[in-house]
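> Chain by chain, the residues:
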Amino acid sequence: MSELTVQDARSIIEGQIETLKKRNKEPEWMTKLRYKAMDAFFEAPHNDPIIKDPLDYIAKAEEEMYPEVKSLDELPPEMLALLDRLGIAEVEKKYIAGLAVQSDTSIVLNDFLKDWRKKGLIVESMEDAVRNYPILKDLFLKQFNPYESKLAAYHTAVWNGGIFLHVAQGLKVPMPLHLFFLIQNSAMAQAPHIIIHAEPNSEIHLIEGCTSPVLVRHSLHLDMTEAYIGEGADVKLSVLQNWPEYVHTRPMTRARIGKDAEFINTTVSLGPGKSNIANPKYWVDEGGYAELNGIILGQKDFYVDLGGEMNLDAPGARGLNASKSVIMDKSSVITRGIIRANAPKTKGHISCDALILNPEARMETYPGLISQVDDAELSHEAAIGKIREEELFYLMSRGLKEEEATQLIVKGFVNPLLKDIPLEFVVEIRKIIEMAVSGGM
Amino acid sequence: MLQIKNLEVEVENKKIINSLNLSVGKGEFHMIMGPNGSGKSTLALTLMGHPNYKITNGKIEFDGRVINDIPVDERARMGIFLAFQHPEDIEGVKIIDYLRLLLEKVKSIEPAKALQIIPSKAREVWFSADMLSRYINVGFSGGERKRFEILQALLIKPKLLILDEPDSGVDIDSLSLISHKIRELYEQGTSILLITHYGRILEHVDPKIVRVHIMKDGHIVMSGKEELVEKIEKEGFKKVFEECGCNE
Ligand SMILES: Nc1ncnc2c1ncn2[C@@H]1O[C@H](COP(=O)(O)OP(=O)(O)O)[C@@H](O)[C@H]1O
Ligand SMILES: [Mg+2]
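Going line by line, the protein sequences match chains A and B. Position 412, counted from 1, in the first sequence is what our numbering calls 424; the numbers after and before it change by one each time, with no gaps. Position 32, counted from 1, in the second sequence is what our numbering calls 158; the numbers after and before it change by one each time, with no gaps.
Read the hints as simulated data drawn from the structure, not as lab findings. A hint or two may mislead.
Stated by the list, open to error - Simulated restraints on C-beta separations:
(1) A:Gly132 <-> B:Ser259: 30 to 38 Å
(2) B:Glu230 <-> A:Lys184: 33 to 41 Å
(3) B:Asn178 <-> A:Ala395: 20 to 28 Å
(4) B:Ser294 <-> A:Lys312: 45 to 53 Å
As the list claims (entries may be wrong) - Simulated pairs of lysine-lysine, BS3-like, Cα-Cα distance not exceeding 27 Å:
(5) A:Lys154 <-> A:Lys271
(6) B:Lys239 <-> A:Lys413
(7) B:Lys140 <-> B:Lys285
(8) B:Lys364 <-> B:Lys334
(9) A:Lys398 <-> A:Lys286
(10) B:Lys231 <-> A:Lys443
(11) A:Lys33 <-> A:Lys131
(12) B:Lys220 <-> A:Lys413
(13) B:Lys364 <-> B:Lys351
(14) A:Lys342 <-> A:Lys154
(15) B:Lys285 <-> A:Lys413
(16) A:Lys443 <-> B:Lys220
(17) A:Lys413 <-> B:Lys185
(18) B:Lys231 <-> A:Lys413
(19) A:Lys398 <-> B:Lys180
(20) B:Lys283 <-> B:Lys185
(21) A:Lys44 <-> A:Lys33
(22) A:Lys34 <-> A:Lys149
(23) B:Lys351 <-> B:Lys365
(24) A:Lys443 <-> B:Lys233
(25) B:Lys152 <-> B:Lys231
(26) B:Lys285 <-> B:Lys239
(27) A:Lys413 <-> B:Lys180
(28) B:Lys334 <-> B:Lys360
(29) A:Lys398 <-> B:Lys231
(30) B:Lys247 <-> A:Lys413
(31) B:Lys334 <-> A:Lys431
(32) A:Lys443 <-> B:Lys239
(33) A:Lys398 <-> B:Lys365
(34) A:Lys271 <-> A:Lys312
(35) A:Lys413 <-> B:Lys283
(36) A:Lys248 <-> B:Lys220
(37) B:Lys140 <-> B:Lys152
(38) A:Lys293 <-> A:Lys271
(39) B:Lys180 <-> B:Lys131
(40) B:Lys233 <-> A:Lys413
The beta carbon of each residue, even a glycine, is placed where N, CA and C say it ideally should be.
Given the sequences, and given the hints that come with them, work out the whole structure.
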């Protein structure tokens with residue numbers, strides 16, 4: 013139990029809302045929404061197996077206006093070091109393209125993004141966007157309800173940071189846009205809110221990276237993403253997580269995928285954090301396609317619970333939920349994808365593969381296929397196992413050491429799901445996998 | 127180079143090989159023939175150090191060192207190479223990434239250099255650049271599998287090359303190429319221990335250099351020269367075993 017009483021909590025959250033409202037010079041509708049969410053916080057259900065009491069993680073928003081950082085050169089050295097840790101410094105040299113870095117609540121944009129703005133690509137910190145774009149009133153928190161859970165309510169009351177990404181009708185952005193979150197403040201629940209608004213026939217690939225310096229203790233990362241994928245649009249969202257072992261993450265993602273649109277959402281959890289519980293939801297319209305790919309590297313005593321609900325709501329909608337987990341040490345990974353066929357001629361597939369490297373590691377999978385119609389095609393497959401002795405022997409018989417052969421097999425195991433990740437990241441991801449495998453042996 | 131003395135091997139508590147003696151000197155070419163189930167693959171896997179094959183008696187010496195208890199990867203680095211009868215599929219691992227790692231770790235060839243060597247060697251066994259980005263053995267035809275084993279041997283240039291039926295399940299053109307490449311390795315000084323059912327694999331090899339051993343029930347029952355191959359191909363194992371009184 014938390015030390016705080018409900019009264020204390022209410023006044024702390026209220027104080028935070030007031031601070032955020034002042035700091036961000038928020039429009040009234042936003043402040044109202046925050047207060048509504050605060051009420052919801054005390055009523056909403058809470059059933060997180062790890063975060064027993066969200067009050068323990070109450071955020072302390074900063075009083076002062078966030079610092080103006082105009083270019084990457086102005087970032088403090090420790091932040092640059094963090095970018096290195098995700099392999100960003102290298103990538104940035106290559107893609108002078110879109111890189112936006114968010115340090116708690118401030119955002120760094122480069123010249124490239126300023127140019128693209130003229131063509132209809134908006135990347136703006138959510139605080140600024142809420143002030144500048146009235147359309148946000150129709151997009152913000154339209155896919156969530158604060159009464160559905162305490163964490164959703166809490167996020168809504170005190171959200172800070174995040175971005176608004178808007179891609180104008182027909183605009184095709186040829187290179188991936190990188191966005192990085194770095195948790196800087198200790199004892200703070202970072203709650204960025206992300207809205208992706210892809211207008212009809214637009215195309216974009218957003219790569220989100222998350223990490224944090226080693227100083228933060230008991231942090232809770234509560235991000236919320238709402239994606240609106242317009243008719244015929246094509247959006248890829250790749251999330252790379254490399255959290256330190258004490259960060260709890262509760263990503264909340266929802267997406268509406270329009271007619272003939274495509275949304276490919278890949279999450280690579282290299283360091284999923286102490287615990288990582290997610291249950292993204294997608295609604296797919298006629299002829300649309302949603303893909304949820306997850307790569308999970310379970311280490312130490314991490315707890316990962318990856319859900320995923322796909323609703324195939326109109327004829328021809330398709331969905332794929334594919335995960336590959338590498339489970340080491342004493343970690344536990346649970347996957348529970350659900351696909352609902354709510355209309356005829358829909359097609360859904362769940363596949364769950366896991367490689368268990370330690371007898372104390374644990375994997376559970378619960379695929380759910382629900383069909384409301386006759387002519388839907390739903391299927392699932394699961395393969396959970398250890399590295400086959402024969403494949404290890406094959407590689408070792410050519411002179412590779414057990415560790416080298418294991419690393420190669422593990423990298424190969426996750427490889428098929430890395431198809432949309434730029435090579436520079438894949439190189440970094442492989443290095444992190446190698447280190448994790450060696451550490452686990 | 128290789129000396130097998132009084133070897134006895136068990137698999138799952140079943141004795142498969144017993145009192146087997148064989149010695150392969152440097153630069154020699156040996157061939158083992160024998161009916162299915164006579165223990166040829168068991169011998170090959172035991173020489174490589176497969177953990178399921180337990181040596182219960184006797185010893186294997188390589189370059190003057192008893193290797194009975196030496197793990198597989200170390201045997202490989204000592205210079206023993208086994209081209210498998212059934213090479214494994216390794217899902218997700220691209221040939222090019224694997225071969226580059228192999229050259230780096232086993233032959234100390236730096237990656238940039240490896241990237242020059244690999245494609246040109248690969249072309250010699252008809253592996254195109256496309257083929258190199260496929261996963262190891264996944265979806266390979268019989269000929270591709272066996273040619274890929276040969277490619278690895280060509281890159282590693284082992285001291286002792288053991289080939290377990292490099293000619294089974296391959297098309298006629300692959301067979302000729304493989305025969306050619308075995309000779310090439312032999313001429314570079316690699317000792318050969320070739321397990322086969324057919325003399326055809328010797329197409330490009332001078333038959334006079336070959337020493338032939340016949341295996342039956344985990345034991346070498348007969349050794350000789352090229353005439354033995356012809357005899358077996360003409361008369362079959364059954365008849366040959368009857369004649370020599372090898373059946374008791
Ligand atoms: N892993 C194994 N488990 C059980 N029995 C085996 C195994 N490997 C080989 N054997 C048995 O050993 C005998 C010899 O097999 P093998 O060495 O494959 O013969 P060959 O290669 O000459 O056809 C056969 O009876 C076979 O069933
Ligand atoms: Mg055999």
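> Now look at each hint and say whether the structure bears it out.
A quick look at each hint next to the structure:
1. A:Gly132 <-> B:Ser259: 30 to 38 Å: 37 Å, holds
2. B:Glu230 <-> A:Lys184: 33 to 41 Å: 40 Å, holds
3. B:Asn178 <-> A:Ala395: 20 to 28 Å: The hint (20 to 28 Å, Cβ to Cβ) holds, given that Asn178 of chain B and Ala395 of chain A are roughly 23 Å apart.
4. B:Ser294 <-> A:Lys312: 45 to 53 Å: At 47 Å between Cβs, range holds.
5. A:Lys154 <-> A:Lys271: Distance of about 19 Å is within 27 Å: holds.
6. B:Lys239 <-> A:Lys413: Holds. Lys239 of chain B to Lys413 of chain A sits at ~22 Å (cutoff 27 Å).
7. B:Lys140 <-> B:Lys285: 31 Å, violated
8. B:Lys364 <-> B:Lys334: 25 Å, holds
9. A:Lys398 <-> A:Lys286: Distance ~23 Å between Lys398 of chain A and Lys286 of chain A Cα, so the pair holds.
10. B:Lys231 <-> A:Lys443: 16 Å, holds
11. A:Lys33 <-> A:Lys131: With Cα atoms ~31 Å apart, Lys33 of chain A and Lys131 of chain A exceed 27 Å; violated.
12. B:Lys220 <-> A:Lys413: 18 Å, holds
13. B:Lys364 <-> B:Lys351: At roughly 19 Å apart (the allowed maximum being 27 Å), Lys351 of chain B and Lys364 of chain B satisfy the hint.
14. A:Lys342 <-> A:Lys154: 39 Å, violated
15. B:Lys285 <-> A:Lys413: Holds. Lys285 of chain B to Lys413 of chain A sits at ~19 Å (cutoff 27 Å).
16. A:Lys443 <-> B:Lys220: Roughly 16 Å between the alpha carbons, so the hint for Lys443 of chain A and Lys220 of chain B holds.
17. A:Lys413 <-> B:Lys185: Cα-Cα ~24 Å, so holds.
18. B:Lys231 <-> A:Lys413: 9 Å, holds
19. A:Lys398 <-> B:Lys180: 23 Å, holds
20. B:Lys283 <-> B:Lys185: Answer holds: Lys283 of chain B to Lys185 of chain B is near 25 Å, not above 27 Å.
21. A:Lys44 <-> A:Lys33: With a Cα-Cα distance of about 10 Å, the restraint between Lys44 of chain A and Lys33 of chain A holds, given a limit of 27 Å.
22. A:Lys34 <-> A:Lys149: 19 Å, holds
23. B:Lys351 <-> B:Lys365: 18 Å, holds
24. A:Lys443 <-> B:Lys233: 22 Å, holds
25. B:Lys152 <-> B:Lys231: Cα-Cα ~25 Å, so holds.
26. B:Lys285 <-> B:Lys239: 22 Å, holds
27. A:Lys413 <-> B:Lys180: Roughly 21 Å between the alpha carbons, so the hint for Lys413 of chain A and Lys180 of chain B holds.
28. B:Lys334 <-> B:Lys360: 19 Å, holds
29. A:Lys398 <-> B:Lys231: Since the Cα atoms of Lys398 of chain A and Lys231 of chain B sit roughly 25 Å apart, the hinted pair holds (cutoff 27 Å).
30. B:Lys247 <-> A:Lys413: 24 Å, holds
31. B:Lys334 <-> A:Lys431: The given pair, whose Cα atoms are some 53 Å apart, is violated under the 27 Å limit.
32. A:Lys443 <-> B:Lys239: 21 Å, holds
33. A:Lys398 <-> B:Lys365: 47 Å, violated
34. A:Lys271 <-> A:Lys312: 43 Å, violated
35. A:Lys413 <-> B:Lys283: Holds, because 18 Å separates the two Cα atoms, which is no more than 27 Å.
36. A:Lys248 <-> B:Lys220: 25 Å, holds
37. B:Lys140 <-> B:Lys152: At roughly 33 Å apart (the allowed maximum being 27 Å), Lys152 of chain B and Lys140 of chain B break the hint.
38. A:Lys293 <-> A:Lys271: Judged against 27 Å, a Cα distance of about 17 Å means the pair holds.
39. B:Lys180 <-> B:Lys131: 15 Å, holds
40. B:Lys233 <-> A:Lys413: 13 Å, holds
Violated hints, listed in ascending order, are 7, 11, 14, 31, 33, 34, 37; each of the other numbered hints is respected by the structure.
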